[in-house]
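> Chains as they are written, first to last, in this note's numbering: chain R, 1 to 410; chain W, 1001 to 1289.
Just so you know, the hints here were simulated from the structure itself, not pulled from any lab data. Do not take every clue at face value.
Okay, the calculated beta carbon distance ranges per label pair [what the hints assert, rightly or not]:
hint	chain 1	residue 1	chain 2	residue 2	range
1	R	S107	W	M1129	53 to 59 angstroms
2	R	E233	W	F1275	45 to 51 angstroms
3	R	N54	W	G1048	48 to 54 angstroms
4	W	K1208	R	K225	28 to 34 angstroms
If you want the ones that stay clear, here's a sample from chain W, every Cβ over 10 angstroms from chain R, calculated [stated by the list, open to error]:
hint	residue
5	L1082
6	G1096
7	L1147
8	V1158
9	L1177
10	I1255
11	L1258
12	M1284
For glycine and all other residues, C-beta sits at the position ideal for the given N, C-alpha and C.
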Amino acid sequence: MSLAKWTVGLMAGMSMLAFAAQANAGEVRVTVAEYSAKTGPYFEEVKKEFEAKNPGITIKFEVVPWDVLLQKLTTDITAGTNADLSIIGTRWLIDFVQQGVAEPLDSYITPDFKGRFIDTFLSPSIMEGKTYGLPIAASARALYYNKELFEKAGIAKPPATWTELQDDARKIKALGSGAFGFGLQGKEIETDVYYYYAMWSQGTEILNKDGTSGLGTPGALEAAKLYKSMIDEGLTEPGVTSNNREDVQNLFKQGKVGMMITAPFLSNQIKDEAPKLKYGVAAIPAGPTGARGTYGVTDSIIMFKNSKNKDEAWKLLDFLFTTEQRAKFTQGEGFLPVNKEEAKMDYYVNNADLAAFTALLPDARFAPVIPGWEEIAQITSDAMQKIYLGGDPEAGLKDAAAKANAVLKK
Amino acid sequence: MQNRFLPYLLTLPSLFLAAVVIFWPVWDLIQISTHDVNRFGQLREFSGLANFASLAADPDFVAALWRTGVWTVLVVGGALLLSVPVAMILNTDFYGRGLARVIIMLPWAVSLTMTAVVWRWALSGESGMLNSALLGLGLIDHNIQWLASAETAFPMQVLIGILVTVPFTTTIFLGGLSSIPDDLYEAAALEGATPLQQFREITFPLLKPFINIAIVLNTIYVFNSFPIIWVMTQGGPANSTDILVTHLYKLAFRIGKLGEASAVSLVMFAILLVFTMIYVRLAMREQRA
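One chain only, chain R, in its complex shape (with noise of 0.2 angstroms):
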């Protein structure tokens, strides 16, 4: 075939490219994270709303489990196929920002935007001093006790360090109705989350102040050893290493567990499924210097470097962070609110379960932004799994702080 031939070849083969990426324009294609079975109807009426009040823009949602959510980004973005714009885990987003694969939306936000979120939430956000993404979802943790178990103990009010979370577990355990005091998290997500909120109340960091990390400390050696000597004595559930986080909450929703630390999610849990279930929510207990720490999380939405339809994408952030919208997104899935007049509504002042995690946000933590997070995690995840199975926490901790720091270095 002739060079001439090629030529007439690829030229039709691009005109038909080009006239396929017209036909596209005014599409704006979305991965959302599923966070429960009510994250896809949600995201279908919104759909439904925005574009009968924006004629000429087409929504499409694409709704994928969070396991995966990572895997289809890297496998979408490595073949160019990913979307406008998606949700991620806020902890992704520097490597987002480093290989160039996230818009800043600093052209696009107003002062008048800006102000409408709550300054906590949008801060693990902001990089370098741009703004990558926004906070579609926040979160933090705090301890749910079962007030009929703590009745029946004789224990008046929730623990407030953990020495008292001890001595109530072991009130618990004594009661000898098969109920485990302390539900231990030791099985894959936020294995390692689950240590931090010990760690942290010895006034342990995730990473030192000189940028090392915080697994090589002596009160990182503390909370270990706290973590062991419950299972030791009984006094968490057994066979910690096969509870994930959603196997504790269900112990916790049988009623066969007397205090967990998760998220506000559960609420609405208890709420489907077990509704008689009489539970509270209180602080994360402290440590001997007073110090606690709870999680904080937010999940961000971020708009891609190569989305042909930023106008139109943004046009749809917007309107997915106005107050009515996000109300409606927080309250179903019970996440915390990220907006200031939203938290301003009845539904959060007046929630008993709600007030609790925000007021630990001042404690709040967030995973650190730094490259190599998700190894890290995994890291000390792995550690602490060897050490609920008996291995000795100091060589366990020396061993996990030296990899831990390996990974920093680079």
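Following the hints, complete the assembly by docking chain W onto the known chain R.
Same frame as chain R, now just chain W:
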């Protein structure tokens, strides 16, 4: 002259297809594994064998490599040992054979992931079916935390692996058994051969090519099998039930080390290729002899 070229010409379409679906991805993997690559698969500078070197230095990879060997041998071996008698029974004529065949094949009809999810529930420590059954039968006096440590989790995963491999293997053997003519057995019985002798002298030798096929195909499937281990333990606790595929998945999609993950993938490809070549050669030579 034309006759000599014809076979090549006829295999050309399938060769082309193989090139697209096999050689191209492998080439891509070689590219990624020999470069410094970011977590979105964009290649940066050439890094030679650095990714392979860091794998060799990673104790988790080495442990996963050995465990994959153990996993494959146990599951494939177990499935073969179980499938031969099952196939022989299903090959005899008895009342309700159709139903029995359906029951044996059923695990095959259910998706592997779904099977694994159901087993994960069944093996749950506090509310699992297995524990309550064993408690009810009086075989244990307290709940066993099946998935809490590798000592109990891995053997259970192997057993489930065997369970889901049996239907396919049995199907192959049933095909093999039905190809053995009945008169061989009749003649042997006439000569006074015992059932054991019949099995050793007739059934087993004639079934051998089918056993070889089952070994090769099952090894490839089981070696690459992801859902059972991933759904039940995600290779945990502390990577103690990881096989190469689950290790690869974590490297690629959790931690974002696509270079090392591609290297694992190539190692797996090489192991299977070498195994298959050696095995097929040995099996062929035996048949010719």
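> For this structure, which hints from the list above don't hold up?
4, 7, 10 and 11
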